[in-house]
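Novice: For reference, the chains in residue letters:
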Amino acid sequence: MDWGEINLKNEVILEAVGLKKYFPIETGFLKKSIEYVHAIDTVNIKVNKGEALGIVGESGCGKSTLAQVLVNIYSPTEGKIFFEGVDVSPKAARNSLGFKKNIQMVFQDPFWSLNPRKMVRDIIMEPLKVHRIVEYECFDTEIERLMDMVGIGKKRMFSYPHEFSGGERQRIAIARALAARPKLVILDEPTSSIDTLSQAEILNLLIELRDEFNLSYILISHDLSVVHFLSDRLAVMYLGKIVEIGKTETVFNLMYHPYTQALMKAIPLISSNGTVQNIEALEGNVPSAINPPKGCRFHTRCYKCQEICRNKEPELREFEDGHFAACHFANQS
Amino acid sequence: MNSKDNVLEIKDLKVDAHTVMGTAELLNIKHLEIKTGEIFGIIGESGAGKSLLALTILGLLPKNVYVKNGQILYKGEDLLKKSQEELSQRIRGKGITMIFQDPMASLNPVFTVYDQVSQVISRHNPGLSKKQLYDRVIEMLELVKLSDPENTMKKYPHELSGGMRQRVLISMALSAKADLLISDEATRALDVTIQAGILKLLEELAEKLGLSTLFISSNMALASTVCQRLGILYAGEVLEIGRVEEIIRNPRHVYTRSFLSSLPTVEKKGKPLPIIKGIYPDPLNKAKGCIFADRCPDYSAECSQNKPTYHEVIPGHFLACIKEEKHKPSSDNDMD
Ligand SMILES: Nc1ncnc2c1ncn2[C@@H]1O[C@H](COP(=O)(O)OP(=O)(O)OP(=O)(O)O)[C@@H](O)[C@H]1O
Ligand SMILES: [Mg+2]
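Just so you know, the sequences run in chain order A and B. Residue numbering for the first sequence is 1 to 333, as defined by the numbering used here. Residue numbering for the second sequence is 334 to 669, as defined by the numbering used here.
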């Protein structure tokens, strides 16, 4: 079965339009002034039903902030969010139980996201209670079903998080997220704190669950092989902006944006025939998000940089069907 | 094999721990060597004993952990016969230096980069003039490719990025004339773009200065890009050692094969990843025979009788598995 082709019916489940999130910080020592970290700056994304959207970029590029705005941990500074066509931008709409149920999040380190003083049973029961998924009498059967689904023996219902391995804790976090029967699950670095073999199990599990429930995912990761494996579409972020977005295969193969190229070249990869990619480093550091560079934000590190790049911010332009990149010289090598 | 080519050689090393539950067997390594100027990788999952191996080499084991037997030869001298005093005066942070995932832990937060690097240099080169010392610091910072050394050296550790901190630590190791660097997941917290720079640096230092590195990682792709040889560590035992290309193209141990096939490579998209069943061995209750026997799809009764001998299957490629000996009868003839 070709997983990449299942569902591109373009039934949009989540859409963000012109999303911005600025965090105020105090700067200056004697004369205090307020400046803003431009964590995400005018981001537009769409996620279709049953689709997995991957988001990659260096730390501080805004990928986790984007996720946190989408699940309502932060309110956006500007912009609109639509869920199944309904405007959920007002805080009240996103605080409603209905919305909360539909979008669930799984974090990087399950050790910190699972309450260490609660038994697995209580951890999974919480969303069942809050969202009244099943009747009280059916809680235990439902918990058993969820544990079975993620491959944890139901006898371990009465164990505490510290009694599980990293991979198992991540499964429990997934079971808890699924307990609410969400339509969209946001996965923030779901496998980066666990080993290769547990990672493989979690990836298989995520695929199975998606196929079974037509779930949508937003997957945030710095590991491109994980992102490639799970995502249908891929967005590359740099300093709060999406610089390239399109079908995962197209982004991997065509790499219109020089930053996408740099990111891909830095990743240690082994291919199935046992060749190891020769890596290259990207010079320079990520500039400050308080005063992002004028013009193209990537120009300070870009090998293609020319006069126009320092002055004019490039817009996202469509190069292939549904494939966008924001670079003045995207199709010139 | 000429042991002069080796900066480090480990023989018959057994490390155990006293615990409330009994004796835990943590490391059991028949033989392992790191050649001068090579980057040698140790790959293993969490709990394999990677960090413990590093701590054993440096003589920094926790109180309840002890070396039962074995030798650790550093340029021919057995480190296990040395006193703590000798280790701290001549070896640790001098000949052998370690870098960790968290570089802040090894840097002094109240001193500038200049203070910390110059201190190491003057300890090793007493009698340098102020000007000479300054020039040496610049030289060392340039050696590790820190941009703008004159500015960087005035900074405090917290003002540097993670990648820059690792570079400062490597420059301190080089200033102390270290010839063996142990990197324990030192790039794990870094962005891939920054990590790539550190890997390039290690390669360059090996080539230019003959610096040897023990590169500890749980990431096979990462280690394969920078190492020449890899050792696969499983529950404290080395199952296979060989050149990187051999290990990843022609893995001989079932565990190595499983590890590789569970990587989500680009070609595997859309299919379930093969996984091995079973749980990681408990150090309190280790199998008498092959340590991997209970999870091995090729298992047969003889696997649990004795430890498989650690033998050379092709020149330079070592393996601990009895099955493989039978699969390759031709190697019998090559042997003698
Ligand atoms: N002081 C100790 N007493 C008893 N057992 C210990 C002690 N320190 C470590 N161990 C055990 O030794 C084994 C190896 O631990 P080690 O920290 O070397 O693993 P590692 O390969 O570095 O793992 P990771 O990838 O998680 O860092 C583990 O089973 C661990 O529980
Ligand atoms: Mg470790």
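Derived from the structure by calculation, the hints contain no laboratory data. Some hints here could point you the wrong way.
EDC-like cross-link-like pairs, simulated, lysine to aspartate or glutamate; straight-line CA separation at most 20 Å [stated by the list, open to error]:
(1) 601/B / 249/A
(2) 604/B / 35/A
(3) 541/B / 208/A
(4) 533/B / 518/B
(5) 610/B / 148/A
(6) 533/B / 208/A
(7) 247/A / 600/B
(8) 415/B / 345/B
(9) 401/B / 342/B
(10) 601/B / 223/A
(11) 602/B / 211/A
(12) 604/B / 211/A
(13) 265/A / 342/B
(14) 604/B / 212/A
(15) 46/A / 318/A
(16) 656/B / 615/B
(17) 478/B / 283/A
(18) 601/B / 208/A
(19) 20/A / 35/A
(20) 640/B / 627/B
(21) 602/B / 318/A
Take a look, some chain B residues computed to stay more than 12 Å from chain A by CB distance [as the list claims (entries may be wrong)]:
(22) 380
(23) 385
(24) 440
None of these values were measured; they are calculated from a predicted model. We treat Cβ as the ideally placed atom computed from N, Cα and C, and that holds for glycine.
Novice: Against this structure, judge whether each hint is valid.
Specialist: For each hint, the structure was consulted:
1. 601/B / 249/A: holds, 13 Å
2. 604/B / 35/A: violated, 48 Å
3. 541/B / 208/A: It is violated: about 50 Å lies between the C-alpha atoms, which goes past 20 Å.
4. 533/B / 518/B: The given pair, whose Cα atoms are some 16 Å apart, holds under the 20 Å limit.
5. 610/B / 148/A: The hint holds at about 16 Å.
6. 533/B / 208/A: violated, 39 Å
7. 247/A / 600/B: holds, 16 Å
8. 415/B / 345/B: holds, 18 Å
9. 401/B / 342/B: holds, 17 Å
10. 601/B / 223/A: holds, 15 Å
11. 602/B / 211/A: Since the Cα atoms of residue 602/B and residue 211/A sit roughly 14 Å apart, the hinted pair holds (cutoff 20 Å).
12. 604/B / 211/A: holds, 12 Å
13. 265/A / 342/B: violated, 35 Å
14. 604/B / 212/A: Holds: residue 604/B and residue 212/A sit about 15 Å apart, inside 20 Å.
15. 46/A / 318/A: Given that 20 Å is the threshold and the Cα spacing comes to 15 Å, the pair holds.
16. 656/B / 615/B: Roughly 24 Å separates the two Cα atoms, so the pair is violated.
17. 478/B / 283/A: Status holds; Cα separation ~11 Å.
18. 601/B / 208/A: Given pair residue 601/B, residue 208/A holds - Cα atoms ~15 Å apart, limit 20 Å.
19. 20/A / 35/A: Given pair residue 20/A, residue 35/A holds - Cα atoms ~15 Å apart, limit 20 Å.
20. 640/B / 627/B: holds, 13 Å
21. 602/B / 318/A: This hinted pair is violated, its Cα atoms lying about 26 Å apart.
22. 380: Per Cβ check, residue 380/B is inside 12 Å of chain A; nearest 9 Å; violated.
23. 385: holds, 17 Å
24. 440: holds, 18 Å
Going through the hint list in order, the structure does not satisfy hints 2, 3, 6, 13, 16, 21, 22.
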